[in-house]
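J.: Residues per chain are reported as follows:
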Amino acid sequence: MMSFRSGNRTDALRYNAIAYTLLTITAIVLMFPLIFSLSLALQGETVAPTLLPTDWSNLDWHVFSTVFERQPIMLRWILNSFVVSITVTLGVLVTSSLLAFALSYLDFPGKGLLLFFTLGTLMVPFEATLIPNYLFVARLGWRDTYQGLIVPFLASGFGVFLLRQYFLTLPRELYDAALVDGCTRLRYLWLILVPLSRPALATLAVYTFLGTWNQFYWPLLITNSTEWRTTQVGITIFRDFELGVFNIQMAATLIVMLPTLILLVLGQRQLVRGLTAGALKG
Amino acid sequence: MTTDDRTGLPLASGTRREPATKSTTTGLAALMTWLQKPRIQDLFRALLYSSPALVIFILFTYVPFIRSIWLSLHITNIQGDPAKWNGIDYYLRILALDGSGRTEYLTSIGMSFQYALMVVPLGIIIGLGLAMLATAKVRGIQVYRTIYTSSIAISLASAGVIWALIYNPSTGTLNWLVDLLQLDSPSLLTSNRTSMAAVAVMSIWSGLGFNFIITLAGIQAIPQDLYESAAIDGAGGWHAFRFITLPLLGPTLLFLVVINTIGSLQAFTQFHLLTQGQSPNVFVYETFKSFWYENRYGFASAMSLVLFAILLILTIVQYRGLNNRVHYQ
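Chains S and A, in that order, are what the protein sequence lines are. Just so we're aligned, residue 1 is where the first sequence starts under this note's numbering, counting upward by one. Just so we're aligned, residue 1 is where the second sequence starts under this note's numbering, counting upward by one.
Don't take every hint at face value.
In silico SDA-like cross-links for lysine to any residue, where the CA-CA straight-line distance does not exceed 25 Å [unchecked claim]:
| # | chain 1 | residue 1 | chain 2 | residue 2 |
| --- | --- | --- | --- | --- |
| 1 | A | 37 | S | 221 |
| 2 | A | 84 | S | 139 |
| 3 | S | 111 | A | 289 |
| 4 | S | 111 | A | 51 |
| 5 | A | 37 | S | 174 |
| 6 | A | 289 | S | 221 |
| 7 | A | 84 | S | 174 |
| 8 | A | 289 | S | 237 |
| 9 | A | 289 | S | 138 |
| 10 | A | 37 | S | 25 |
| 11 | S | 111 | A | 37 |
| 12 | A | 137 | S | 25 |
| 13 | A | 37 | S | 237 |
Footprint (simulated), chain A over chain S, 3 or more residues, beta carbon under 8 Å [what the hints assert, rightly or not]:
| # | stretch |
| --- | --- |
| 14 | 223-237 |
| 15 | 257-266 |
Derived from the structure by calculation, the hints contain no laboratory data. Yeah, the Cβ is synthetic: ideal placement off N, Cα and C, and Gly gets one too.
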């Protein structure tokens with residue numbers, strides 16, 4: 001490990017060689033499931049696929065459009081997932097901003113109680129409320145509807161916590177000055193606080209979108225007809241539609257992963273900030 | 001803030017004092033004064049601003065949580081309404097305290113812990129290894145970091161579909177391992193000996209992105225000068241890791257232990273997709289079966305509250321017990 005000290009050129013070269021080798025081998029091992037799924041997708045319809053394609057000149061890139069031709073319902077699932085994820089994300093941004101504003105700028109009796117009530121939602125695991133929630137939403141007639149998929153997730157204790165922490169770092173004098181100048185509180189929130197808090201809002205948006213897009217348990221319970229499924233439940237019932245047709249299964253899975261993978265690459269910084277928000281406070 | 005010397009009520013600045021000749025007008029005036037206090041005005045605003053979130057919290061977290069407790073104390077009908085008071089019989093049944101000697105639910109709690117013990121330590125250690133690797137000072141390290149983080153963006157459902165095919169004997173990927181272990185079944189997923197481990201491997205892979213990125217952020221938060229002064233003292237490599245990185249990562253690793261344990265004990269999707277709850281019946285899957293296939297809403301509610309209690313106790317124990325060994329800066 002002494003070679004980690006720089007200064008010597010051969011040492012530096014050796015350091016680079018070792019680092020890149022280790023990094024690359026690890027990356028390939030970690031990406032194996034993705035490489036595997038791409039490999040299977042491109043091998044055409046076969047009952048005995050190989051780990052890597054045997055005939056590299058004959059890869060079936062059309063498989064990604066074949067998916068939509070054979071299972072046009074995929075388009076509907078993708079639409080459902082986008083409608084649900086975008087609406088939930090926007091809803092969480094609005095409800096969290098409003099509540100976080102009250103918790104960081106207003107001064108009123110019972111503020112501590114309101115904060116406790118908000119953070120308390122984080123202590124109740126999803127499973128502990130699942131059954132009554134299912135019965136309630138079903139009784140409202142919201143199975144196989146967008147409301148059923150969206151409304152229960154329109155507020156987030158984590159989102160309020162994240163935004164409140166951020167709002168508290170902004171100068172309070174700005175708020176007092178704006179009020180003196182006759183700015184209403186909602187205008188202040190919308191015109192000053194929201195633009196200033198763009199990093200925190202972006203973090204919450206990326207985090208919420210990703211979480212909603214990848215939901216499985218709730219959509220599985222609350223949707224029943226094929227056209228109301230979301231992508232995540234959809235690809236799993238694909239296994240029954242396309243039993244033994246590995247290339248279609250894998251192509252569909254890769255398509256469904258695409259939006260979140262793009263989001264990860266573009267919004268990695270925001271996402272990391274969101275994920276570490278709870279971790280590094282100690 | 002001034003106080004009204006006749007009524008004793010606090011008075012907002014700028015409010016005119018009303019004479020206290022008639023008691024009714026005094027009461028009304030006091031109320032008006034009180035309503036005009038900035039703190040009270042802010043209270044109404046706060047209630048207005050928080051109402052959208054509060055309605056959701058009440059309707060979809062607090063009411064269902066309380067209803068869950070209520071249901072768990074009843075035998076329920078097919079519509080999910082309480083039909084007959086049952087006391088704590090369901091809890092006794094789950095914890096095998098009802099004297100029947102049937103312990104299948106206790107066993108499934110044990111299975112859940114067995115699964116968590118496979119996933120949590122390995123996931124955190126591998127994540128730590130990846131994070132150390134990703135601190136290498138080379139060009140293009142960001143690309144590697146993105147790759148190591150990528151499993152965050154891949155849902156459990158997608159991962160489950162892919163891993164189901166990796167384990168599928170038709171793809172031939174792991175047949176060598178099945179032969180090596182001399183399993184009595186063609187797939188790692190269908191053999192009683194290996195199915196739990198097979199699900200665990202998939203879960204570890206799926207959780208690596210999160211463990212990696214949290215650990216990396218923790219390492220990057222360690223002040224660089226600590227390493228520099230250690231290097232002057234001749235300590236590098238393993239010693240720096242053992243005596244600087246690891247102790248200062250304590251709070252991060254503690255957080256990961258707690259979060260990963262909670263996540264593992266709640267795992268549902270991977271069992272639903274990989275084993276369909278056949279061989280390793282973890283507790284959450286047993287709950288799902290009672291709820292979804294058998295419509296025993298009261299009993300399943302009791303199960304989900306047992307899980308809630310386990311998670312709560314574990315979190316407290318882990319924070320209390322491990323906190324003493326963790327160094328905070």
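J.: Could you run down the list of hints and mark each one as holding or not?
T.: To see whether the hints hold, each was checked on the structure:
1. Simply put, residue 37/A and residue 221/S have alpha-carbon atoms about 49 Å apart, too far for the 25 Å limit, and the pair is violated.
2. Distance check on the hinted pair: residue 84/A and residue 139/S sit about 21 Å apart at the alpha-carbon level, within 25 Å; holds.
3. Between the alpha carbons of residue 111/S and residue 289/A the distance comes to roughly 42 Å, so the proposed pair goes past 25 Å and is violated.
4. Distance check on the hinted pair: residue 111/S and residue 51/A sit about 14 Å apart at the alpha-carbon level, within 25 Å; holds.
5. Our distance criterion of 25 Å between C-alpha atoms is met by residue 37/A and residue 174/S, whose separation comes to about 22 Å.
6. Using a Cα cut-off of 25 Å, the hinted pair residue 289/A and residue 221/S holds, with the two alpha carbons roughly 12 Å apart.
7. With a C-alpha separation of about 59 Å, the suggested pair residue 84/A and residue 174/S falls outside the 25 Å cut-off, and the hint is violated.
8. Straight-line distance between C-alpha atoms of residue 289/A and residue 237/S comes to about 19 Å, which keeps the hinted pair within the 25 Å bound.
9. Between residue 289/A and residue 138/S the alpha-carbon distance is near 18 Å, which keeps this suggested pair within the 25 Å criterion.
10. Under the criterion of a C-alpha separation no larger than 25 Å, the hint pairing residue 37/A with residue 25/S is inconsistent with the structure, at around 67 Å.
11. Note on residue 111/S and residue 37/A: the hinted pairing holds, with a Cα-Cα distance of about 16 Å set against a maximum of 25 Å.
12. Taking the CA atoms of residue 137/A and residue 25/S, the gap is about 17 Å. The hint holds against a cut of 25 Å.
13. The hinted pair formed by residue 37/A and residue 237/S fails the criterion: a straight-line CA distance of about 59 Å is larger than 25 Å.
14. Look at the stretch 223-237 of chain S against chain A: 4 of its residues bring a Cβ nearer than 8 Å to a Cβ of that chain, three or more, so the hint holds.
15. With 6 residues bearing a CB less than 8 Å from a CB of chain A, the stretch 257-266 of chain S meets the requirement of three and the coverage assertion stands.
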